[in-house]
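In order, the protein sequences belong to chains A and B. According to the UniProt record's numbering, the first sequence is numbered sequentially starting from 1. According to the UniProt record's numbering, the second sequence is numbered sequentially starting from 1.
Treat the hints with care, since some could be wrong.
To be verified - No more than 25 Å apart at the CA atoms, straight line, and that leaves these computed lysine to aspartate or glutamate pairs for DMTMM-like:
1) A:K273 - A:E140
2) A:K335 - A:E220
3) A:K258 - B:D76
4) A:K187 - A:E175
5) A:K335 - B:D427
6) B:K175 - B:E191
7) A:K104 - A:E209
8) A:K37 - B:D76
9) B:K721 - A:E285
10) A:K335 - B:D164
11) A:K37 - B:D45
12) A:K2 - B:D137
13) A:K139 - B:D147
14) A:K2 - A:D189
15) B:K419 - A:D200
16) A:K37 - B:E125
17) A:K2 - B:D427
18) A:K335 - A:D298
19) B:K135 - A:E44
20) B:K298 - B:E261
21) A:K139 - A:D200
22) A:K290 - B:D149
23) A:K290 - A:D251
24) B:K9 - B:E552
25) A:K273 - A:E285
26) B:K135 - B:D72
27) A:K37 - B:E191
28) A:K2 - B:E552
29) A:K45 - B:E425
30) A:K221 - A:D284
31) B:K135 - A:D189
32) B:K721 - A:E140
33) B:K527 - B:E565
34) B:K135 - A:E3
Note that these hints are calculated values from the structure, not bench results. This structure is a prediction, so every number in the text was calculated from the model and none was measured.
Below are the chains, spelled out letter by letter.
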Amino acid sequence: MKEFTYARAETLDDAAGQLDETARVIAGGTNLLDLMKLQVMAPEKVVDITRLPDLSEISAEGEGLRIGALVTNSQLAEDHRVRSLYPVLSRAILAGASGQIRNKATTGGNLLQRTRCPYFYDPAMACNKRDPGAGCAAKEGVGRMLAVFGVSDDCLAAHPSDMAVGLRALDAEVEVRSPDSSTRRLKLDELYRLPGDRPDLETTLAVDEIITAVVLPAPEKGAVQAYRKVRDRASYAFALVSVAGNVTLTDGKIARAKLAYGGVAPKPWTNAKVEEMLVGQAPDEALFRKAAEALTADATPHSDNAFKLPMLRRTLIAVLREATGLADASPGTDKTKDAA
Amino acid sequence: MTETFRMDKAQARLLDETGQGVIGTPMDRPDGPQKVSGRARYAADGTPEGTAHGVLVRATITKGKVAAIHADSISDLPGVIGVVSGPEFIRNPAQGMANAAPVQPGTRVDYHGQPIALVVGESFEAARDGALRLKVDFEAEAGADVDPDTASEVETGDPSAVGDWDSAFDGAAFKVDREFTTAAQVAAAMEPHAAIAEWQGDKLLLRSSLQMLRFNKNEIADSLGIPAENVQILAPFVGGGFGSKLGIGPDAVAAAQAARELGRPVRVVMPRQAVFDSILRRTETTQRVRFAADADGKLRAVGHDDRVSNLWEEGFAEPTSSCSQFLYGADALRFQQSLARNHRTPTGSVRAPGEAVGMLTFEAALDELAEQLDIDPVELRLKNLPDTHPMTGQAFSSRGLAECLRRGAEEFGWSARGKPGARREGDWFIGVGMASAGRPNMLIQASARVRLEAGGATVETDMTDIGTGTYAIFAQIAGEMLGLSADRVTVRLGDTDLPGASGSGGSFGASSSGSAVFLAARKIRAKLAEAMGCDADELTLQDGIARGGNREMAISDLVQSEIVEEAQIEAGKTAESHFSAGYGAHFVEVAVHAWTGEVRVRRMLGIMDIGRVLNEKTARSQAVGGMVWGLGAALTEEISHDPRTGHIVTRDLANYHVASHADVPAQMEVSFLDNRDDEANPMQSRGVGELGISGAGAAVFNAIHNACGVRLYDFPATPDKVIAGLEALGL
Ligand SMILES: Cc1cc2nc3c(=O)[nH]c(=O)nc-3n(C[C@H](O)[C@H](O)[C@H](O)COP(=O)(O)OP(=O)(O)OC[C@H]3O[C@@H](n4cnc5c(N)ncnc54)[C@H](O)[C@@H]3O)c2cc1C
Ligand code: SF4
Chain A
1 MKEFTYARAE TLDDAAGQLD ETARVIAGGT NLLDLMKLQV MAPEKVVDIT RLPDLSEISA
61 EGEGLRIGAL VTNSQLAEDH RVRSLYPVLS RAILAGASGQ IRNKATTGGN LLQRTRCPYF
121 YDPAMACNKR DPGAGCAAKE GVGRMLAVFG VSDDCLAAHP SDMAVGLRAL DAEVEVRSPD
181 SSTRRLKLDE LYRLPGDRPD LETTLAVDEI ITAVVLPAPE KGAVQAYRKV RDRASYAFAL
241 VSVAGNVTLT DGKIARAKLA YGGVAPKPWT NAKVEEMLVG QAPDEALFRK AAEALTADAT
301 PHSDNAFKLP MLRRTLIAVL REATGLADAS PGTDKTKDAA
Chain B
1 MTETFRMDKA QARLLDETGQ GVIGTPMDRP DGPQKVSGRA RYAADGTPEG TAHGVLVRAT
61 ITKGKVAAIH ADSISDLPGV IGVVSGPEFI RNPAQGMANA APVQPGTRVD YHGQPIALVV
121 GESFEAARDG ALRLKVDFEA EAGADVDPDT ASEVETGDPS AVGDWDSAFD GAAFKVDREF
181 TTAAQVAAAM EPHAAIAEWQ GDKLLLRSSL QMLRFNKNEI ADSLGIPAEN VQILAPFVGG
241 GFGSKLGIGP DAVAAAQAAR ELGRPVRVVM PRQAVFDSIL RRTETTQRVR FAADADGKLR
301 AVGHDDRVSN LWEEGFAEPT SSCSQFLYGA DALRFQQSLA RNHRTPTGSV RAPGEAVGML
361 TFEAALDELA EQLDIDPVEL RLKNLPDTHP MTGQAFSSRG LAECLRRGAE EFGWSARGKP
421 GARREGDWFI GVGMASAGRP NMLIQASARV RLEAGGATVE TDMTDIGTGT YAIFAQIAGE
481 MLGLSADRVT VRLGDTDLPG ASGSGGSFGA SSSGSAVFLA ARKIRAKLAE AMGCDADELT
541 LQDGIARGGN REMAISDLVQ SEIVEEAQIE AGKTAESHFS AGYGAHFVEV AVHAWTGEVR
601 VRRMLGIMDI GRVLNEKTAR SQAVGGMVWG LGAALTEEIS HDPRTGHIVT RDLANYHVAS
661 HADVPAQMEV SFLDNRDDEA NPMQSRGVGE LGISGAGAAV FNAIHNACGV RLYDFPATPD
721 KVIAGLEALG L
């Protein structure tokens, strides 16, 4: 760890005022501190936002829910409204990290956690994300965990968050506060950038912007939601692939299908074509196979992770089978309760 | 000098005659409360006044030399004291029982990750900052071999064989001939390697996390160029070793050297990444397993060839086929090993070296043979148990493999097993598998001292407790022999000023060092018998009372002054006349997801024959721990090396996947045969620490096949490989 100064922000204005290129917000610290110990990140100033008022609550907003940026992953996953109305979010969070880490990790921090590409973590290896222009050691290196969609020649890293994949399937928005005290709301797709030739820039946030909340729209009644994460051990491992599904059947046909994919792209991935193929159709394994093929058609895998394509296709089929009743629902698949 | 007891002939089963009734019981560890309350002192705990902190710096080239270390590049950093390096630095830990310094390469670099210097600071944080920022110039040599598959230097040994292998194999009607690969693994002990070194004049006091102090003392003395009598090592508690702490490590040598140069104590704790980088790991292997049999299942030929790797100048080669050489009989057997040299983190003993990888493939191939023959896998094994060692012709000491197989099949409900793919629950295929277990048993030279006073007894030896239960077992052995409850026995371990024991390794610790305790106590019994005026075999000692020669007396009255006896044991003629090994059978049920290829183990049963059980609880923990390792080898554990540098890429516990709680089934059962091994040692016990691994992963693999019909030949069975197998079957 390099020496840094520490400031505890008392108000949002205060926090925003202290942020610049050389500073970083610290929330749970479960990602930032690890990276600082390895000197992968070395902010000169750390601004502690954990004492800010009003960011630790989950409250109703219209028909939906507003989740403060400091709500911990454990708190969010166990909230009864989330469990009954947005179960895919609970399931996604609980599929990530460990109980201890989830107790510390926050909603904002989870969204902005950085990639787990092993070369990003090793300062002896070239990495464009850590050191723009240095090159990408992963390209010709070990690539099991890398992405297969949305990558560039300069960076192939995947976004590791499970929670964000669940949020994507729920069409959540992120509330961001700018230093001029104005707030704006971003779809997750607008929050994350693809790497292009600047993999160090991961989001569209300015250095002095702070995430204040995540907002969930009104839940879809009677939807079946599922999160399925395939990984190298049963727990406490990052996704090889994951699929979040939020599917509504009406009169035996798929009325609505929101699907998001994790472990495969620099951000929670979606594919509108796949959803269009499904909507209006009666659930059927052949249909699911066709949709799955369409999903992976334009993937660009690394030589070590071409396995993610069949794995993603099969995981999508498994989720769709359970969500549409073609297979018995296993733990991880829930029907939403009606909103109270 | 204490005279040495040689194990030349079977000894009376004294522990079956003594009446205390503590031996074998599932007694809790006396050190448990200290451990769970944080009072147990591990290597890096209890920093002495004035301690400086060191962090190792690694080489970031694969091969070449260190041209310059620019200490001035960090001299301005607050809290940084300086940089220590030099000819004392060791390239990697000593191999187990080396008893001398490992390679000391000077400025030469042999692998990416090699420790080359130590940055010392006033705090750990300052030292780590300095270590990450230190500027080092390397002269790299191109073209280093980093891949064992393409290595240019391969040493191939002569085959060890009996019988006319080619004709036995060629002439048989049924054959399996498969190539397997197994992934490189690490020990991943919870406590990282650590040392605190402190000099008093020319005497070194070293606290370090080590398994075999009698050897480690010589290894560090040799590394530093000082006489061994000037070294005292303390390791009263060790947070897991699994082979990775058999030999002295770079942390200890660097701490000692820095403390000598600085004239103050130095503490070096290796961060997890450094443990991955430079601590001996388990080799990856390529193995060819061949079986040939008649239609009735009689084995005609057994072959097991393997290719392992290591760095140059390391004498260790994973003994992959060790168990394959004595488990089953055949007309002909043949074993051959190749060792590829490469510039990767060197390999060494990791829990159950040999069996841990050899039994994965051997027992998986045998399952395939059983399928081909359409014979039950348990039957096939029972049909081929030899009467004598198939390679050496030695008699076996007690050998409960058949009973383990039969009892396991019965308790598990093996007869309900169906054909592959026959059982399904929703999208999950369910299947069962089994495998045998075996592990050679050794008796290693060991000494111990026992003191008996009016108030109780004390056991003293430099033996270690690496989490295995040595404190408990020695209290039980001495208590049983001296008629004392275990809480009246104090056990002192992990101090080289005490009699030198076997150390913890090769599953021989409890039985070898425990036998020294037993023998020292037996000498005390002789003295007590004399005091009672009776023959030693007339004497009974129980609950503090001595009985014999029609007299009864409190032991505390009998012991006027402290009785001190020391004993040393070493292997003798029984090790030549008889082949001693632990045996077992594993039965496993798994679920395989038909779409995602995930494998979940639903239950595991292990039946083990370890001779006399010294403590049923610690033995069970060892067996269960071993079975979890087997599960990990089958499903999750894998080191990845960078294809260009050979450096370990999966170098923390988030990316190197030991089995998590969720991987381990709730139903995890172990039971032991009530057996005795008369030729093993005077206690008739055998090792248990590594036996649980042997074969366990193969049983998981065999269950995967029974579940869904997929046969894999590449360990571990991560979901990608299972999916590829399912798709190849059109599933
Ligand atoms: C061993 C391990 C395993 C893990 N496994 C998983 C897994 O399987 N799945 C998974 O999804 N995650 C996993 N995680 C990651 C974990 O979810 C994240 O570390 C955690 O969510 C980060 O939250 P935090 O509050 O601790 O963030 P911090 O570490 O405090 O911050 C992370 C980043 O976000 C920024 N930040 C934080 N809050 C805000 C805010 N309000 N506004 C603007 N910027 C902000 C910080 O500046 C920093 O750059 C794992 C972590 C570990 C250590
Ligand atoms: S893939 Fe991205 S994060 Fe990984 S080494 Fe390349 S540039 Fe760095």
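Going down the list of hints, with the structure as the test:
no.	hint	verdict
1	A:K273 - A:E140	violated, 32 Å
2	A:K335 - A:E220	holds, 10 Å
3	A:K258 - B:D76	violated, 56 Å
4	A:K187 - A:E175	holds, 9 Å
5	A:K335 - B:D427	holds, 19 Å
6	B:K175 - B:E191	violated, 46 Å
7	A:K104 - A:E209	holds, 22 Å
8	A:K37 - B:D76	holds, 19 Å
9	B:K721 - A:E285	holds, 23 Å
10	A:K335 - B:D164	violated, 66 Å
11	A:K37 - B:D45	holds, 21 Å
12	A:K2 - B:D137	holds, 22 Å
13	A:K139 - B:D147	holds, 18 Å
14	A:K2 - A:D189	violated, 33 Å
15	B:K419 - A:D200	violated, 53 Å
16	A:K37 - B:E125	holds, 9 Å
17	A:K2 - B:D427	violated, 51 Å
18	A:K335 - A:D298	violated, 32 Å
19	B:K135 - A:E44	holds, 21 Å
20	B:K298 - B:E261	violated, 66 Å
21	A:K139 - A:D200	holds, 16 Å
22	A:K290 - B:D149	violated, 39 Å
23	A:K290 - A:D251	holds, 22 Å
24	B:K9 - B:E552	violated, 33 Å
25	A:K273 - A:E285	holds, 18 Å
26	B:K135 - B:D72	holds, 9 Å
27	A:K37 - B:E191	holds, 19 Å
28	A:K2 - B:E552	violated, 72 Å
29	A:K45 - B:E425	violated, 55 Å
30	A:K221 - A:D284	holds, 23 Å
31	B:K135 - A:D189	violated, 41 Å
32	B:K721 - A:E140	holds, 22 Å
33	B:K527 - B:E565	holds, 10 Å
34	B:K135 - A:E3	holds, 18 Å
Hint compliance for this structure: hints 1, 3, 6, 10, 14, 15, 17, 18, 20, 22, 24, 28, 29, 31 are broken, all remaining hints hold.
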